[in-house]
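Asker: Residues per chain are reported as follows:
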Amino acid sequence: MIEALQFLVAEPRPNSFDVDDTSSERAAPPRPETAALPLDLRGLRKSFGDNDVLRGIDLHIPAGQFVTIVGRSGCGKSTLLRLIAGLEAPSAGQIGFGEDKLPGDVRVMFQEPRLLPWARVLANVEIGLGTERSSPDAKARAEAAMIEVGLDDKRGQWPAVLSGGQKQRVALARALVSRPRVLAFDEPLGALDALTRIAMQRLLEDVWRDQGFTAILVTHDVAEAVALADRVLVIEDGRIAKDLLIDLPRPRQRGSAELAALEGEILRDLLKGSEDAFEL
Amino acid sequence: MSLVETLARPRTWRLPQADGLIQWIVPLVIVVVWQAASSFGLVPARVLPAPSDVVVAGWKLLQSGDLVRNIWVSFWRASVGFAIGGSIGFAFGLANGLSGLSARLSDTTLQMVRNIPHLALIPLVILWFGIDEQAKLFLVALGVFFPIYLNTLHGIRTVDPQLIEMGRIYGMSNLELFRRVIFPGALPSVFVGVRFALGIMWLTLIVAETIAASSGLGYMAMQAREFMQIDVVVLSILIYALLGKLADSASRLLERLTLSWHPAFQKA
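Protein chains in written order, with numbering that gives the first Met the number 0: chain A, 0 to 279; chain B, 0 to 267.
Bear in mind the hints are in silico, worked out from the structure with no lab data behind them.
Ideal Cβ positions, reconstructed from N, Cα and C, are used throughout, including at glycine.
Any given hint might turn out to be false.
[To be verified] What follows is a set of in silico ranges between Cβ atoms, one per label pair, in the way DEER data are often shown:
{"no.": "1", "chain 1": "A", "residue 1": "Gly-73", "chain 2": "B", "residue 2": "Ser-250", "range": "44 to 50 Å"}
{"no.": "2", "chain 1": "A", "residue 1": "Gln-93", "chain 2": "B", "residue 2": "Leu-97", "range": "30 to 36 Å"}
{"no.": "3", "chain 1": "B", "residue 1": "Lys-244", "chain 2": "A", "residue 2": "Gly-163", "range": "38 to 44 Å"}
{"no.": "4", "chain 1": "B", "residue 1": "Leu-241", "chain 2": "A", "residue 2": "Ile-197", "range": "57 to 63 Å"}
{"no.": "5", "chain 1": "A", "residue 1": "Arg-253", "chain 2": "B", "residue 2": "Leu-97", "range": "47 to 53 Å"}
{"no.": "6", "chain 1": "A", "residue 1": "Gly-55", "chain 2": "B", "residue 2": "Leu-256", "range": "52 to 58 Å"}
{"no.": "7", "chain 1": "B", "residue 1": "Leu-256", "chain 2": "A", "residue 2": "Pro-135", "range": "27 to 33 Å"}
{"no.": "8", "chain 1": "A", "residue 1": "Asp-246", "chain 2": "B", "residue 2": "Asp-159", "range": "40 to 46 Å"}
[To be verified] Some, not all, of what chain A presents toward chain B, calculated at C-beta under 7 Å:
{"no.": "9", "residue": "Gly-97"}
{"no.": "10", "residue": "Lys-100"}
{"no.": "11", "residue": "Pro-102"}
{"no.": "12", "residue": "Pro-116"}
{"no.": "13", "residue": "Ile-126"}
{"no.": "14", "residue": "Thr-130"}
{"no.": "15", "residue": "Ala-159"}
[Stated by the list, open to error] Not close to chain A: a few residues of chain B, all C-beta gaps over 12 Å, as computed:
{"no.": "16", "residue": "Phe-39"}
{"no.": "17", "residue": "Arg-167"}
{"no.": "18", "residue": "Pro-262"}
Given the sequences, and given the hints that come with them, work out the whole structure.
Answerer: This is the structure:
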């Protein structure tokens, strides 16, 4: 593990994996220490009052898969993520994780970093250890997570002095520090500028490849969805409208023809439902 | 321009050690002008004694021990009253901020009581306690209670719910959530309450000592009025100003120490 971390420090952007290496990793992704959990969603429904947000989601996500969920505003994609993360209870149906999950197995990252402004960066990361935060190695683990997101030099800072992208990296370190087996992202890059967002996408991909958790990312950015995902789900009116496997080698070349074609296909699907709105 | 921006601007044109002195320029100028006006007979000593006369009066009182004794009595009343009223206000603020039941039970009552000017209770308080220490402590505590109660309550209610959800997700117990998220989040607002309360503390104490007391700064001023010692009256007023400034500085220092994470308190 330490070697892997040092490798990340020496080369904070390990997007220079050669293709052979990448494909072998995809065939058998490394599973250091923790094993990802699969997800089984059966007949999942959620309504708020009379408003049916999710109308029956049946879905199996194999362990270690990177799934992105796209959809128009209000389609229920964020609600689906909150159900998976256990932040809300489903109105009907169930979510299984293959086995009993422990606290700390499923972590969420939000669009806002949600750092405690009155705690130093390292203390914020330690919060991610959950009930283990009083253990003697808590500090060392938090420091390792900081190295992983490339912010080791900021551990003693107040969150207020960090940039938006740095705050999100701290939030990522906090989510990673407990070695989660499922990591849910609710538009974590939505508030970042374009360049920072691309850097963060690479970082997300790197930590996912390094730690091998099951990743579920909700995004409104279709380009981001196809660049990162093994599988893209399009949600429409509370149902899965499209389930698309993306079998392209990683790291993927941004702006390549294949990605653009996939992006166009998904965008067409998303816009189909709202053609009326676009024909004026 | 926001406070944060103002504080963050570089201040290279000013010597750093001048920062602490610059605030005293205006009071100093006032004293000098006042002394000059008195010396040249522009202001009759019967209306306003010269600063030098006030200093002399202060020196005499200092030597007789009256000044120190009266300041000490007033200071003791102020701090004990503040501690009592402040802790009760803080406790109610916590209870009503954290528990909906507690808020439903007591908030309406407290809001009603709040609208009674607490100094209007002086006749009642004299009937209850006479001019004993309890009377002053009761009035100070009552005056201090409300700003601290209201601001503690406000601080707790405005803690970012997203941070509370974050704390819950990461498995914080209620106690931990309070200690690590809610209390630090409410602290800036509590300090606003403390500074309001310090002002009310002096106001209440002086009024109470002026009306019903046999010691303390307010009593000293009233007694001096009886004997037409206008220099002592002015001395008392100046001491109020200094004590008020001292209390404010103390709370600012406490703020800087505990809110060092806050962007407004960070050194540029």
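Asker: Look at each hint and say if it fits the structure.
Answerer: So, going through the hints one by one against the coordinates:
1. A:Gly-73 x B:Ser-250: 44 to 50 Å: holds, 48 Å
2. A:Gln-93 x B:Leu-97: 30 to 36 Å: Roughly 34 Å apart at Cβ, these two residues keep to the hinted range, so it holds.
3. B:Lys-244 x A:Gly-163: 38 to 44 Å: holds, 41 Å
4. B:Leu-241 x A:Ile-197: 57 to 63 Å: For Leu-241 of chain B and Ile-197 of chain A the Cβ distance comes to about 60 Å; the hint holds.
5. A:Arg-253 x B:Leu-97: 47 to 53 Å: holds, 49 Å
6. A:Gly-55 x B:Leu-256: 52 to 58 Å: Once the Cβ atoms are compared, 56 Å apart, the range 52 to 58 Å for Leu-256 of chain B and Gly-55 of chain A holds.
7. B:Leu-256 x A:Pro-135: 27 to 33 Å: holds, 29 Å
8. A:Asp-246 x B:Asp-159: 40 to 46 Å: holds, 42 Å
9. Gly-97: Violated: closest Cβ of chain B sits about 21 Å from Gly-97 of chain A, beyond 7 Å.
10. Lys-100: violated, 13 Å
11. Pro-102: holds, 5 Å
12. Pro-116: holds, 6 Å
13. Ile-126: Check passed: Cβ of Ile-126 of chain A comes within 5 Å of chain B, closer than 7 Å.
14. Thr-130: With Cβ-Cβ at 5 Å, under 7 Å, it holds.
15. Ala-159: Interface hint status for Ala-159 of chain A: holds (5 Å vs cutoff 7 Å).
16. Phe-39: Check passes; 54 Å lies beyond 12 Å.
17. Arg-167: violated, 9 Å
18. Pro-262: violated, 5 Å
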